[in-house]
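Protein sequences appear in the order of chains A and B.
The working numbering numbers the first residue of the first sequence as 1 and each following residue consecutively.
The working numbering numbers the first residue of the second sequence as 1 and each following residue consecutively.
Fair warning: there could be bad hints in the mix.
[Claimed, not checked] Below, computed lysine-lysine pairings styled on DSBU-like, alpha-carbon distance capped at 35 Å: (1) B:Lys134 - A:Lys286; (2) A:Lys371 - A:Lys82; (3) B:Lys134 - A:Lys411; (4) A:Lys411 - A:Lys70; (5) A:Lys82 - A:Lys315; (6) B:Lys90 - A:Lys177; (7) A:Lys236 - A:Lys371; (8) B:Lys134 - A:Lys265.
[Unchecked claim] So, partial list: chain B residues that the calculated Cβ filter (under 8 Å) puts toward chain A: (9) Ala5; (10) Tyr8; (11) Ala9; (12) Phe117; (13) Asp121; (14) Val122; (15) Ser132; (16) Ala215; (17) Phe216; (18) Leu224; (19) Val251; (20) Asp255; (21) Val259; (22) Ile264; (23) Ser279; (24) Gln283.
Note that these hints are calculated values from the structure, not bench results.
Positions of the beta carbon are idealized from the N, C-alpha and C atoms, including for glycine.
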Amino acid sequence: MKRMSTVRVLAATTVAAASLIAMAAASTAGASSGGLAKGAPVNIGISLSLSGDFSADGQAFQRGYELWAKEQNAHGGLLGHKIKLIIKSDASSPTQVVTNYQDLISQDHVQLVFGPFSSLLTVPAGQTAERYGYAMVEGAGGAPSVFQAHLKNVFDVSLPVANDLMPFAKWISSLPKGQRPTTAYYVTSNDPFTEPQLPVAQKIMSKAGIKSLGFTVFPAEVTDYTSIADKVAAAKAQVVVLGSVDVPTVSAFMQAFEQAHYNPKAFIATAGPDQGAAFLTAVGAKNANGIMVPNAWYGGSANPLSKAMVAAYIKQYGGTPADINSDVAEAYSVGEVMTQAVEATHGFNNAKILAYLHSGKVLSSVQGPVKFNQLGENIDPTAFTFQWQGTKFVQVNPVGDPNSVKVIYPKPAWKS
Amino acid sequence: MSGSALTYAIVDGVLTGSVYALMATGLTLIFGVMDIINIAQGIFVVLGAYLSYAIQLHWGIDPFVGLFITIPTLFVVGIVVERGFMARLKGPEKTAMSILVTYAVSLLIEGSLNMIFSVNDVQISAWYVNQSFKLFGVYFAYIYVFGFILAVVLLTALWVLLYRTRFGASVRASLADQTAAALIGINVKRVATICFGIGTAVTAAGGMVFGATNAFNASSSYDLISRLLTIIVLGGMGSLGGALVASIGMVMLEDVVGVVWSPIWSTMTFFIVLVIVLSLRPQGLFGKQLARTA
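In isolation and in its complexed conformation, chain A is listed as follows (with noise of 0.2 Å):
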């Protein structure tokens, strides 16, 4: 057989990259050029951690998205497109968050994406949908490492992390002297959601002269933290800010400090005891009373589309607004946002709706109103800390809010 030449090999393999360019090219166009034939549904793609190390935050998530789009649905969908949510789970990985955006984009051929759960996993869902030109809109991907990636297709609807802790950090170091904490320790898990937090509310409060007793990073894969939590123990600090992604990382602090008798005056954790019903189901609802919080929105919200939302979600899966994880509201404002971007631009195209949620417009959410700005920051939301006061979840501050309760402090002791 005759060989062919290098040049011919090269040739030949260039025309087919460049059809397969084109190919994938008009396929995408097609994707995103809002087009959409009468009565076709819309297709959503989504990842979600619905296993590994973020599942329970996960499953909260795809409960948020589904009840948006049912509410969406029985209000005529999107531009009179009925909604369909196409789901798929990353296990928790990085990289198969990846893998699913890709298919969900270049094989699903879905309309519009929202992120997946976790900073950690939406910067590279971030870069994969930026690749199609896609805009994701996305509600828990808030650490600063999301907007350092200088993605110009995603936008947060939450609230950016590193102020998280602001409002509890100026209220501890505005007590009167007498009341005011003296010591302080910060413990943290290496997550890009929580490490940014904690000198934010470190530097306040050292400027009001409550001291350091230790800054101390723990691994987000320990599974044991009791040899950590007993370290903060024995310093003996009257407040705690912890740096938790999850249920598990609060429970196990709260056991070690009640073993090793130490009852801080004041006990903050960055995640955790947000999850409504499930953080009172593994700590106990006695021993949750003091714990505190700080997010951007809680069942009891006064706004009116969170009325409404909470009323939906209590219609569908029962239990009390206090019960309702901070996620479902995350995710649901994702929908909502995206709702207003696709009625602005009259399409699904992604390039419409990128200037569109760039152009600094003031939207609506469950969570109150969003505003982004260049690195797809939320600028317009507020901070706000809960506590758990028996089995209710309250908003405690900024102090002055009209929605804020009296927060409980000292600390009770734990009652297990």
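For chain A, the structure is supplied; the task is to place chain B on it using the hints.
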């Protein structure tokens, strides 16, 4: 760093390490007898935790008393899994195939647990879970002390079974050489099935203590299995004593490094020790051959 923090780290290491020994012993026993790497061991631990949680929640049975139900239950689960899946694995690829098959079993159980209990974290509660007592100026958590006693009792019972009974002689003969054991009339298949059952049953105890000291869901198994595998590699695949020494050594080393230096370096330090040990003794601290002739 205070002296009390270091004391706590050492005490925590011994008490917690013994519980890991309970979980890892089953894994190494199964490998020793059957040449099976049981990736499902992590989910068996979580299954044990859920069983203890469920019988306490619905029937009000104390988790330690409940072990009289959960240990036999997991023994039966182990037998069923071995008969249903493991017994079919044959040939030179058996060990490699066992990883895939037990991973599939793990996913099956994980999915079922998620359906039954949801993905929300739960934790076993009892009066002794959060309480402690003071001795020589150190607080000892009841749950860890009880867990340590449980580990000592069960590991002693396992030792007696393996070294003081006729069945144990059959197991040790199978550990040493399966072909030779079969030639002298030992029913190696039966021994393997029972060993898989025992290896699974001990996770009921480990799972109960794990579930009382950690909020957990089915996904907790992933972090567990990686730790258990490193424990038995360090101790020596197939070595029961090695699993015990490596469990306590690993947790104590991590805890002390975490307190003296930083928790960030705990796991890395352990793996550095693991690499050094394996470069000097590729068969682990108490390698397979040593264990089989012990």
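Cross-check of the supplied hints:
1. A hinted pair counts as satisfied when its Cα atoms are at most 35 Å apart, and Lys134 (chain B) with Lys286 (chain A) qualifies at roughly 24 Å.
2. In summary, the hint linking Lys371 (chain A) to Lys82 (chain A) is supported, as the alpha carbons are separated by about 27 Å, within the 35 Å threshold.
3. Taken as a hint, the Lys134 (chain B) and Lys411 (chain A) pair is honoured in the structure, with Cα atoms around 24 Å apart against an allowance of 35 Å.
4. At most 35 Å may separate the alpha-carbon atoms for a hinted pair to count; Lys411 (chain A) and Lys70 (chain A) exceed this at roughly 41 Å.
5. Taking the CA atoms of Lys82 (chain A) and Lys315 (chain A), the gap is near 22 Å; set against the 35 Å cutoff, the hint holds.
6. A C-alpha spacing of about 74 Å is found between Lys90 (chain B) and Lys177 (chain A), which places the hinted pair above 35 Å, so the restraint is violated.
7. Distance check on the hinted pair: Lys236 (chain A) and Lys371 (chain A) sit about 42 Å apart at the alpha-carbon level, beyond 35 Å; violated.
8. With a CA separation close to 23 Å, the supplied pair Lys134 (chain B) and Lys265 (chain A) stays within the 35 Å bound.
9. For the restraint placing Ala5 (chain B) at the interface with chain A, the shortest Cβ-Cβ distance is roughly 4 Å, inside the 8 Å limit, so the hint holds.
10. With 8 Å as the threshold, the beta carbon of Tyr8 (chain B) comes within range of chain A, its nearest partner Cβ sitting at about 4 Å, so the hint holds.
11. A cut of 8 Å between beta carbons decides the hint on Ala9 (chain B): the least distance to chain A is about 5 Å, and the hint holds.
12. Interface hint status for Phe117 (chain B): violated, as the beta-carbon distance to the closest one in chain A is roughly 11 Å, over 8 Å.
13. Interface restraint check: Asp121 (chain B) against chain A, minimum CB-CB distance 4 Å, threshold 8 Å, status holds.
14. A distance limit of 8 Å between C-beta atoms decides the matter here; for Val122 (chain B) the minimum to chain A is near 6 Å, and the interface restraint holds.
15. With a cut of 8 Å, the hint placing Ser132 (chain B) at the interface with chain A holds, because the nearest CB-to-CB distance is about 4 Å.
16. Given hint, Ala215 (chain B) at the interface with chain A, holds; its Cβ is 4 Å from that chain's nearest Cβ, closer than 8 Å.
17. Interface hint at Phe216 (chain B): satisfied, since its Cβ lies 7 Å from the closest Cβ of chain A, which is below the 8 Å cut-off.
18. At a threshold of 8 Å, the smallest CB-CB gap from Leu224 (chain B) to chain A is about 7 Å, leaving the interface hint in force.
19. Because the smallest distance between the Cβ of Val251 (chain B) and any Cβ of chain A comes to about 7 Å, under 8 Å, the interface hint for this residue holds.
20. Using the Cβ-Cβ criterion of 8 Å, the hint placing Asp255 (chain B) at the interface with chain A is satisfied: the shortest such distance is roughly 4 Å.
21. With a cut of 8 Å, the hint placing Val259 (chain B) at the interface with chain A holds, because the nearest CB-to-CB distance is about 5 Å.
22. The beta carbon of Ile264 (chain B) comes within 6 Å of a beta carbon in chain A, closer than 8 Å, and the hint placing it at the interface holds.
23. Contact between Ser279 (chain B) and chain A, as hinted, is not supported at the beta carbon level, the nearest pair being about 24 Å apart and thus beyond 8 Å.
24. Given hint, Gln283 (chain B) at the interface with chain A, is violated; its Cβ is 26 Å from that chain's nearest Cβ, farther than 8 Å.
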